[in-house]
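Which chain is which? The protein sequence lines are L and D, in order. For the first sequence, position 43 matches number 43 in my numbering, and the numbering has no gaps at all. For the second sequence, position 20 matches number 1020 in my numbering, and the numbering has no gaps at all.
For the record, the hints were derived by calculation from the structure and aren't laboratory data. Nothing here was measured: the structure is a model prediction, and the numbers come from that model. Please note that a few of the clues may not be correct.
Stated by the list, open to error - Capping the alpha-carbon separation at 16 Å, the derived lysine to aspartate or glutamate pairs in EDC-like fashion look like this:
id, chain 1, residue 1, chain 2, residue 2
1, L, LYS54, D, GLU1104
2, L, LYS101, D, ASP1038
3, L, LYS101, L, GLU5
4, L, LYS101, L, ASP10
5, L, LYS101, D, GLU1059
To be verified - Rough simulated footprint, nothing fancy, chain L against chain D, three-plus residues with beta-carbon under 8 Å:
id, stretch
6, 1018-1030
7, 1076-1089
8, 1104-1113
We put the beta carbon where it would ideally sit given N, CA and C, even for glycine.
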Amino acid sequence: GIQVEQSPPDLILQEGANSTLRCNFSDSVNNLQWFHQNPWGQLINLFYIPSGTKQNGRLSATTVATERYSLLYISSSQTTDSGVYFCAAYGGSNYKLTFGKGTLLTVNP
Amino acid sequence: NAGVTQTPKFQVLKTGQSMTLQCAQDMNHEYMSWYRQDPGMGLRLIHYSVGAGITDQGEVPNGYNVSRSTTEDFPLRLLSAAPSQTSVYFCASSYGLAGGEYNEQFFGPGTRLTVL
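From just these sequences and the hints, can you work out the full model?
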């Protein structure tokens, strides 16, 4: 099945800094999503982005399907951005959404 | 819409006990799935269903059973709980997985299970 790798595994920022999280996947995808898991454990949908670029406030994402990677940009980070960011991808016909191991983001005041 | 709901939120079991984790969605989604989340492992797929009456195994199916008698409900049964099943369990749903905006997956709030 498809492999999903995320980098970096950990990231510490000061409030107000910008960051880029990367997701590499091993095969062509039909579905690629970014999630934020907040400190209470909830998985929040950020983007559904199998290709192209999307923006939502301070967050934006770009997926370059032909090169098999996706980037999540966080600008002017806030302490509430802390948590784990997951990338998940599905490709092929086995109905399995595969998750990366996540990036743990800590934003300090 | 309530979205994806899960009960209970927390559960403690003794080794060998059985229980059922409940999952329901009110979005008329065909695809439903169960994941477990363990530290450092991300989320791993346990079982999934592409519609009522159709289920299949994911990556880590051993020790778990599922059935899908209605579109709305997808319960996960632990047959004989083991300490290795201590985890956080998430249920998810979408219209499908073939591609397209309507195939975005949505997750429930999770069930934190401890097996002693």
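Okay, the hints, checked on the actual structure:
1. A distance of roughly 15 Å separates the Cα atoms of L/LYS54 and D/GLU1104; the hinted pair therefore holds under the 16 Å criterion.
2. This hinted pair checks out: L/LYS101 and D/ASP1038 have alpha carbons roughly 10 Å apart, not beyond 16 Å.
3. Distance restraint check for L/LYS101 and L/GLU5: the Cα-Cα separation of roughly 7 Å lies within the 16 Å cut-off, and the hinted pair is therefore satisfied.
4. Using a Cα cut-off of 16 Å, the hinted pair L/LYS101 and L/ASP10 holds, with the two alpha carbons roughly 11 Å apart.
5. A C-alpha spacing of about 15 Å is found between L/LYS101 and D/GLU1059, which places the hinted pair at or below 16 Å, so the restraint holds.
6. Counting residues of the stretch 1018-1030 of chain D whose beta-carbon sits less than 8 Å from any beta-carbon of chain L gives 0, not enough to reach three: the coverage restraint is violated.
7. Counting residues of the stretch 1076-1089 of chain D whose beta carbon lies closer than 8 Å to any beta carbon of chain L gives 1, which falls short of the minimum of three for the stated coverage.
8. Three residues within the 8 Å Cβ limit are the bar, and the stretch 1104-1113 of chain D against chain L gives 7, so the coverage statement holds.
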